[in-house]
Amino acid sequence: MNTRYKQRLAAILSALALVCAAAFILGQKVHAASGASITGAVKLSGTAPHMKGIDMSKDPYCVKQHENSPVKMENVELGSGGGLANVVLYISEGLTGNEASAVPSEEPTFDQKGCMYIPHVLALDVNQKFKVITSDQTTHNIHPLPAPGSSNIGWNKSQPPGAPPIESSWKAEEPISVKCNIHPWMHGWHVVVKGPYAVTDDNGSYTIKNVPPGSYTVTAWQEEFGTQTQKVTVAAGGAKADFTFKSK
Amino acid sequence: MAKFFAVTIFAIAILSAIPILRHTWWMAPDISTHGAPIDEQMSETMAEAGISFLASQLILGLFIWKFSNPRSGDKIKSFPGGAKAMVWAAFLLVGTEVLALGVFGAKAWANVYFTAPSPEAMPVQVQAGQFAFYFRYPGPDGSFATIHPDLISEANQNFYGIDADHDPDAKDDIVTAEMAIPVNREIHLLMHSKDVGHSFFVPELRVQQDFVPGLDLSLHFTATKIGRYEIVCTQLCGLGHYNMKAYLSVLSPQDFDDWLKKQAALQ
Amino acid sequence: MHDMSAHVAHHAPPTSFIRKHIFSLDHKVIGKQYYGLALIAVLVGMVLSWLMRIHLGWTNYAIPGLHFLSSNGAPGNVMTPEYYLQLMTMHATIMVFFVLTTAPFAAFGNYFLPIQVGAEDMPFPHFNMMSFWVTFVGFVVLIASFFVSDGPTLGGWTQYAPLSAVGAVGGPGEGMGVVLWASSIAIFCVGQLLGSLNFITTTLDMRTKGMSLWRLPLSAWGWFITSCMGLTAFAVLMPACILLILDHVAGTSFFVPSNLVLNDQLQPHAGGSTLLWQHLFWFFGHPEVYIAIVPGMGIVSHVLITNMRKPMLSHRVLIYSFGALAVLSYMVYGHHMFVSGMNPVSSLAFSFPTLIITIPSTIIVLIWMGSLYGAKLHTNTACLFALGFISMFISGGVSGFFLAQPSTDIMLHATYFVVGHFHMVMGVAAMFGIFAGTYFWFPKMFGRMMNETLGKVHFWLTFVGAYCIFMPFHYLGLAGNVRRYQAFANVDYMAHLVPLHRFITISALLTGASQLVFLYNLIHSRFWGKPATDNPWQATSLEWSTPTTPPPHNNFGDKLPEVFHDPYQYGVESSVGDYVMQASPEQVSSGHDEA
Amino acid sequence: MATTVHEPPRIEPPHERSRLSAGSGNGGRSLVPADGDLRRIKDYSPPPSATGIWVVMASITMSFLAFTSALIVRQGSASDWHHLTLPRILYLNTLVLLASSIALEVARRQVRSFMAGGRHSAAYPTRWLYITLFLGLLFVAGQYFAWLQLRAQGLFLATNPNSSFFYVLTAIHALHVSGGLGGLARVILRLNRSILRQSTLDATAHYWHFMDGLWVYLLLLLWMKL
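Protein chains in written order, with my numbering: chain A, 1 to 248; chain B, 1 to 267; chain C, 1 to 595; chain D, 1 to 226.
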């Protein structure tokens with residue numbers, strides 16, 4: 001293999017390593033040492049669809065966890081100023097093979113707390129390891145349902161209180177719906193993408209870090225409203241891309 | 001050895017009978033209008049079963065006590081009356097016994113299942129699925145929206161596959177995870193399963209009925225006592241079977257209306 | 001084809017180890033093989049029940065090392081709900097099919113039916129050998145399902161459709177697990193059909209001179225009637241399993257109705273009938289209960305008579321009652337489906353025969369007890385287990401009254417009451433039959449006596465233990481405790497029953513452990529027990545007239561015995577004592593009548 | 001009955017047997033000669049194959065009754081019960097199978113007279129047995145063609161309940177017929193080695209005719225229900 005490639009790879013890997021280290025130390029407030037980043041906000045225009053309340057009465061334990069805060073569906077989470085949470089943003093075009101194939105080393109956790117999934121949407125890189133943990137004293141079963149015919153293989157495992165975390169990863173790009181059969185209202189997503197990604201926070205803002213300069217197509221995915229794309233050109237100073245979903 | 005055996009049998013027989021007689025573990029008190037004959041039938045059966053149980057265990061023990069450890073001298077005797085006596089005993093005692101049970105039992109059963117619900121019975125729909133019950137009240141218009149299986153989605157809390165956009169009946173349907181009914185009002189329960197076999201069991205209501213996928217079954221009952229009871233699934237339906245339950249609230253008519261309003265708001 | 005000369009020709013005793021001990025045509029070896037299979041199966045089944053009981057008593061207690069059995073089923077040694085159900089299903093399947101059917105029927109029947117009728121083998125030895133090895137394959141296939149990706153099926157031994165037929169979408173083990181289960185059972189059916197064929201023809205065609213049907217011992221009658229039941233019952237279960245497998249692998253819809261939605265996915269199947277499976281299954285399922293218990297009844301009667309030193313009040317009435325049980329058992333299966341949405345009228349139609357079936361059962365019990373009157377009872381271990389059988393059969397029987405009536409069944413259906421009922425009447429009782437048979441026939445099978453003291457210890461622990469385990473089940477049921485739950489904590493009205501469950505768990509562990517006494521006794525006596533005489537119990541039937549103990553390859557040497565007497569000539573004065581053997585020409589005034 | 005054993009080449013005359021007297025009664029009747037010589041028992045107790053074949057037929061009957069009730073119940077519950085026109089060839093197959101039974105009967109007569117010492121070559125009955133065998137094979141092949149025809153119509157095992165039942169019933173019946181073919185082959189083999197027993201032939205014949213009747217029943221069932 002040629003040296004240029006080697007150097008590039010080394011650069012990326014070191015960058016990744018740095019980012020991880022930084023992330024490890026500074027938690028969320030990290031700014032990537034190298035590589036620019038794409039930032040922006042996702043908003044919802046029009047009236048937000050009505051989110052039904054969730055009645056957990058079949059399992060008293062779950063009810064106890066939410067005694068003084070009624071729970072609603074999380075399919076559409078509106079933050080202050082119409083910001084749309086739980087939107088996954090990723091680069092769908094323009095990445096060269098090796099940025100795409102680089103797999104982040106950190107292992108996000110998918111927690112079951114108060115009979116809800118935290119986070120509701122978990123974005124993952126292809127082959128990125130993740131942990132499913134439970135903070136509840138009731139048994140859950142985790143049942144990801146990849147689309148029929150996808151190369152991801154679905155599974156259905158129970159996690160009694162005190163059971164160790166379930167470690168796993170996904171082979172192919174795909175938004176995978178995750179449910180708990182024991183608590184039918186429990187519903188979340190594993191959104192598997194290639195390359196750098198970000199998930200909007202409660203105000204709908206996001207930052208995709210470590211994007212080398214170049215021109216890309218950024219895609220925003222939302223479980224109810226589907227996807228939107230934008231072409232962006234990333235300079236050294238990074239780039240901005242806002243999205244607006246229209247509610248029906 | 002044999003005497004010891006006899007004593008053991010006595011002990012076991014009596015010890016087993018005590019919790020039954022003291023009702024240490026017993027059926028929950030009946031809150032239904034149709035339950036009385038069932039309870040009656042239960043205690044009659046218990047009496048007859050208990051008597052046959054104790055009697056035969058004691059006789060068994062007695063004979064073992066008396067006729068074991070033979071000395072070489074004594075000769076065997078044959079039971080006076082021989083086999084004929086036994087056959088007659090079986091036919092007369094047990095025959096009449098089970099026949100009586102059968103007939104009264106049939107009455108109690110008919111009382112539950114051969115009567116049609118009265119026209120003003122309140123319709124409530126229950127759908128069983130892995131692993132929860134969901135209930136549906138028709139709302140003011142008194143008609144249920146059509147179920148579209150392809151629209152059923154727990155992710156969107158559309159448990160009944162209601163087509164809210166096009167179905168006029170859909171707007172006021174009330175779907176709940178908990179069942180509430182007004183006290184002393186006959187309920188006409190319309191049962192169906194969305195996936196596999198389940199069952200609807202409320203001990204206090206003296207009601208147990210399977211959900212049979214592909215069949216629409218119905219029950220009717222009247223609860224006579226305000227309180228909060230449990231509906232459990234008794235038909236193995238999968239890994240969450242043990243956790244498939246719902247609460248049944250029997251409310252005063254006033255409370256029931258309030259409850260219904262509250263639920264309507266949550267839709 | 002098979003006539004006797006053929007047998008003589010080909011029954012030169014085999015010499016090679018394989019033909020002698022593995023692919024043997026000798027009914028005695030095959031009987032022992034069946035016994036061995038049952039022994040392995042019962043150990044597996046018992047361990048499974050321990051795991052279940054521990055989990056029920058102390059939910060989410062980490063059982064050390066459990067994750068070695070299944071890392072998915074027991075992450076961090078904590079049993080998952082699906083794994084509990086999978087263990088439960090396997091426990092039931094193994095016990096019902098590979099223990100309660102094989103041991104009292106196939107094992108003892110194979111060994112002693114030909115000897116008791118005075119034949120030197122079954123008419124179709126090759127079928128007999130196949131019958132065992134096919135059954136063995138069935139067992140292997142069943143066990144194999146422990147090792148497929150998401151484990152064995154969790155559908156319960158009744159495998160109600162559509163849960164059993166929708167495939168993997170129904171939950172862990174509902175895909176490959178069910179296919180393996182159904183295949184295993186279908187294979188098992190083939191084995192038992194071959195066995196029944198041999199049993200029936202042996203009884204009808206192979207009886208020696210003077211051995212009329214009425215002169216057959218009660219044990220032989222038990223096996224004969226059972227084989228007739230097996231012939232019809234298993235012939236119905238097999239098609240059901242085939243259809244179930246097709247629903248899985250071929251995408252047919254025999255048992256899966258339209259418009260099922262699982263995991264928010266609309267299922268492709270259409271139009272199937274879920275009740276169809278229940279009808280087919282229970283048409284087999286109820287006779288199966290009697291397939292498990294009738295051989296036990298026969299064995300127990302046989303053992304009792306020998307130790308009472310007097311015949312039953314009536315040989316024939318007992319046989320007629322066995323027959324009545326067999327016939328009625330086909331008319332009552334609907335009582336398993338009272339709450340299945342069957343037409344309420346047919347519920348009543350099934351209720352009455354079910355109640356009526358108590359009459360032959362009562363006759364049997366009364367004749368046993370009436371015969372005890374005036375007996376000279378020798379309470380050796382075999383006899384104790386026989387008596388224990390009666391006690392258990394009574395206790396398990398009376399609870400049938402409740403389940404036979406739809407009105408009371410409403411309260412008890414699918415509760416622990418049912419579990420207690422069938423464990424006592426077909427589980428423990430049948431087990432006691434097996435034990436009685438073992439202690440009684442062991443000397444003949446292995447030429448050595450079993451240790452009486454250990455035997456009695458084993459009996460007391462088992463007898464008391466069994467009551468401690470299964471009596472409380474009835475109380476739980478009355479309190480509305482639903483069966484097939486892996487935990488009760490989250491149902492308020494069941495939560496307070498957990499202490500009783502713990503008591504049951506402890507009893508189960510102790511009783512289970514006490515079976516090791518039996519196991520030790522079995523193995524130790526096999527090699528070091530004191531040598532047995534040809535007729536240690538001074539019994540009359542033909543298995544005690546064999547020239548050697550254990551019997552030679554063709555059972556009776558070069559001459560078949562001739563039968564001169566009814567099977568149970570006790571309480572008479574003869575040259576040998578208070579009995580006359582069937583095969584001895586000695587004429588004595590029989591001290592009683594054969595009604 | 002697949003249990004073959006080697007015995008002196010000899011053809012056993014048909015039994016004049018009465019199982020009843022051998023079985024029931026109070027056992028007074030002598031079933032074994034006083035000397036209990038095993039080689040003569042066959043004269044007293046009937047060859048089990050005669051009983052066995054009835055046992056086998058009984059269990060097969062039960063199985064097909066189960067299938068029948070399954071079909072009826074399934075049809076009752078079905079919203080998707082489409083009519084299915086049976087492939088014509090089935091009727092031809094039926095004739096073939098019936099013919100095979102007749103051929104077998106002829107063969108049986110031949111064998112009997114041959115055993116009685118009438119004819120001195122086994123060739124004649126053997127020919128008829130071969131014809132039976134051939135017709136049997138023809139039947140199975142015919143069934144296979146019937147399946148091909150259904151496939152051509154786009155009717156597969158899972159297409160609809162009717163096709164499901166058609167395939168299942170015919171396939172399982174064909175399986176049993178193949179078993180019968182094996183039996184026939186065995187009969188021919190033993191006849192050639194002249195170690196055939198009347199009982200073997202009779203048992204095989206019973207089974208074959210039973211398959212015959214079973215098929216006619218199935219055909220009627222399918223014709224009425226599908």
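Quick caveat, the hints were computed from the structure, so don't treat them as lab data.
Glycine is no exception: its CB is placed at the ideal position from the N, C-alpha and C atoms.
Where hints are given, some of them may not hold.
Claimed, not checked - Pair by pair, the computed Cβ-Cβ distance ranges are: (1) A:Pro-148 with B:Asp-165: 53 to 59 angstroms; (2) B:Ser-218 with D:Leu-175: 30 to 36 angstroms; (3) C:His-553 with B:Lys-77: 52 to 58 angstroms; (4) C:Asp-492 with B:Asp-255: 16 to 22 angstroms; (5) D:Asp-80 with C:Ile-523: 56 to 62 angstroms; (6) C:Gly-251 with B:Asp-169: 50 to 56 angstroms; (7) B:Pro-140 with A:Ser-215: 15 to 21 angstroms.
Does 56 to 62 angstroms hold as the CB distance between Asp-80 of chain D and Ile-523 of chain C, or does it fail? holds (59 angstroms)
Could you see if the CB distance from His-553 of chain C to Lys-77 of chain B stays within 52 to 58 angstroms? Check failed, 43 angstroms falls outside 52 to 58 angstroms.
Range first: 50 to 56 angstroms. Now tell me if the beta carbons of Gly-251 of chain C and Asp-169 of chain B are that far apart. Given about 35 angstroms between the Cβ atoms, the range is violated.
Does the Cβ-Cβ separation between Ser-218 of chain B and Leu-175 of chain D fall within 30 to 36 angstroms? violated (44 angstroms)
Go ahead and decide if the range 16 to 22 angstroms is satisfied by the Cβ distance of Asp-492 of chain C to Asp-255 of chain B. With Cβ atoms ~21 angstroms apart, the hint holds.
Could you tell me whether the CB distance from Pro-148 of chain A to Asp-165 of chain B stays inside 53 to 59 angstroms? For Pro-148 of chain A and Asp-165 of chain B the Cβ distance comes to about 26 angstroms; the hint is violated.
If you check the beta carbons of Pro-140 of chain B and Ser-215 of chain A, does the distance land in 15 to 21 angstroms? violated (58 angstroms)
Hint violations for this structure: numbers 1, 2, 3, 6, 7, all remaining hints satisfied.
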